[in-house]
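Trainee: Okay, here's what each chain looks like letter by letter:
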Amino acid sequence: MWAVWRMLGIILAGRCWVLSSESTEAAPRVQASLWELFLAFAKLGSTSFGGGLTGWMMRDIVGRRAWMSEEEFLTGLAMAQALPGVNVVNLPLWIGYRIAGLPGALVSAAGVIFPSAGILTMMAVGYSFLSRYPQTKLAFAGAAAAAIGLSGAMGLRAAKRQVRKLVPAVILALTFVAVGVLRLPMLAVLAVLAPISIGFAYDEARH
Amino acid sequence: MRDNIYITLIGIIAPLSLLSVGGGQSVLPEMHRQIVELHGYISEAQFLADYTISRMNPGPTSLIVALIGWQVAGWWGAVVTTISIFVPSSILVLLLARIWARSRGAAWQIAVERGLAPLAAGLILASTVTLARGLSGGWLSVVITLLSTLAMTLTRLSPLWVIGGGAVMFLVLGG
Chain G
1 MWAVWRMLGI
11 ILAGRCWVLS
21 SESTEAAPRV
31 QASLWELFLA
41 FAKLGSTSFG
51 GGLTGWMMRD
61 IVGRRAWMSE
71 EEFLTGLAMA
81 QALPGVNVVN
91 LPLWIGYRIA
101 GLPGALVSAA
111 GVIFPSAGIL
121 TMMAVGYSFL
131 SRYPQTKLAF
141 AGAAAAAIGL
151 SGAMGLRAAK
161 RQVRKLVPAV
171 ILALTFVAVG
181 VLRLPMLAVL
191 AVLAPISIGF
201 AYDEARH
Chain C
1 MRDNIYITLI
11 GIIAPLSLLS
21 VGGGQSVLPE
31 MHRQIVELHG
41 YISEAQFLAD
51 YTISRMNPGP
61 TSLIVALIGW
71 QVAGWWGAVV
81 TTISIFVPSS
91 ILVLLLARIW
101 ARSRGAAWQI
111 AVERGLAPLA
121 AGLILASTVT
131 LARGLSGGWL
141 SVVITLLSTL
151 AMTLTRLSPL
161 WVIGGGAVMF
171 LVLGG
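Order-wise, the sequence lines are chains G and C.
Going by the working numbering, the first sequence runs without a break in its numbering and finishes at 207.
Going by the working numbering, the second sequence runs without a break in its numbering and finishes at 175.
Pulled out of the complex, with its shape left as it was, chain C reads as follows:
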């Protein structure tokens, strides 16, 4: 069994890499279906705990696959699932980056760069709203988010101070 658990994990995770359009969140339901419902590798509660932890973790939420791999097949399981979620999509990005570097300065490229900038700015603002929607804690969370946006727009404070401040504010006012 131990020989092919890795292959099974690769078979589950690697396709999800190419399906994860718009960020790792989009493949979580499918991951849940395969890991918990189909194969029963980990329990429902364990999956939820993994999700909570990987959301708190700095860095990509998709690293939830590392936790799952670790729980299913130990350290090598974690390595295998981490590589599986990142490699297939990374190859695509690298191919595009290569094409980009080769035609540096072409008129179409300058137009694409200028044209994409307002879209990307809109996407950052949209993701701010989406993230804020997902917060628990009601109005206090919204107030903290707004205050922190102001603080980071108007001052040169390190974000870590602002985030620490948010944690303290919530402890004091939300408890």
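Isolated chain G (complex conformation):
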């Protein structure tokens, strides 16, 4: 199975080098080859159990590999969530583009999608077998609960830096309460709070 992914990656990387000659406007700021990008996202897509993929990405891309700053990552996340589409694919597209232009975006998205799709079909086969045992359900419930903790930990880490100033702290708190507690539609919340927050940042930068 691994050999198949590897081949897929090599094929993709080869294809994308051809494409890369066309798009030169995004100058890479860190050294990461397309193969490294593909592998990083393939690993994220196939090991991040429990649905907190964003947390895993932040931990890996910002924390471990330092491919981009926390602020860059958070911008990408906000964009990925505001645009239509699956944000766990939108975000790799954004990150990949930032690091290696269009080819980077394509291999990153492919890395998240394809290995995971392969695992999914295997799980579909295994599930009918495993679901006969009640322990399976329990173990998955426990794993899912623990996996959410990663999302919580990354949220706290991102928040720590934002609450040092009053306005970002208030914006953060309002976003959390509106979306997480009151369950208001996310797009509406962003539409109201984003201009205020951006306006403040712009004003502050000028002084």
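Calculated directly from the structure, the hints in this document are not laboratory data.
Don't be surprised by glycine CBs; every beta carbon is placed ideally from N, CA and C.
Careful, some of the hints might be misleading.
[As the list claims (entries may be wrong)] For the chain G half of the interface with chain C, some residues (derived, Cβ under 8 Å), not all of them:
id, residue
1, Pro84
2, Trp94
3, Met154
Assemble chain C onto chain G, guided by the hints.
Mentor: Chain C only, in chain G's frame:
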């Protein structure tokens, strides 16, 4: 029939790509309506099983479309539906990323980046709460989530150990 099943699948899935605002979960009801109720491609029980499996799977839950495509039209069905759910929205993201890369360092861009950061942090915390709400298993799940948040904030343990620990804890205490 086999010739146009792919086109029908593209016709169902591709528009959903652009409608899936705020994550893939938002289009599941519409997907269910079209695939199960309108076309009867798969049964209600099959759809539910697919949903459960794709939630357990690492990676995007929207890959449920791969399972549906596979069940409706085999391997090529899976390929077609997977591409259909991701391509339309990806084009939008790439266009925006391109604009972004072109005006790198502009004052407005720095302001947008700084301004969006607290919103994104709030969204991560909000999604943590939303995910935790969806858990089955009552108080034990909540305790495990809190413990795991603590463990991952305070230690440098690999998340896989923490998640494995959660699974074991639930097996021991929840059974």
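Trainee: Are the hints correct? Go through all of them and say.
Mentor: Hints, verified against the model:
1. About 5 Å separates the beta-carbon of Pro84 (chain G) from the nearest beta-carbon of chain C, less than 8 Å, and the hint is met.
2. This hint holds: Trp94 (chain G) has a C-beta 6 Å from the nearest C-beta of chain C, less than the 8 Å allowed.
3. Taking 8 Å as the C-beta contact cut-off toward chain C, the hint placing Met154 (chain G) at the interface holds, the least distance being around 6 Å.
Checked against the numbered hints above, the structure violates none of them.
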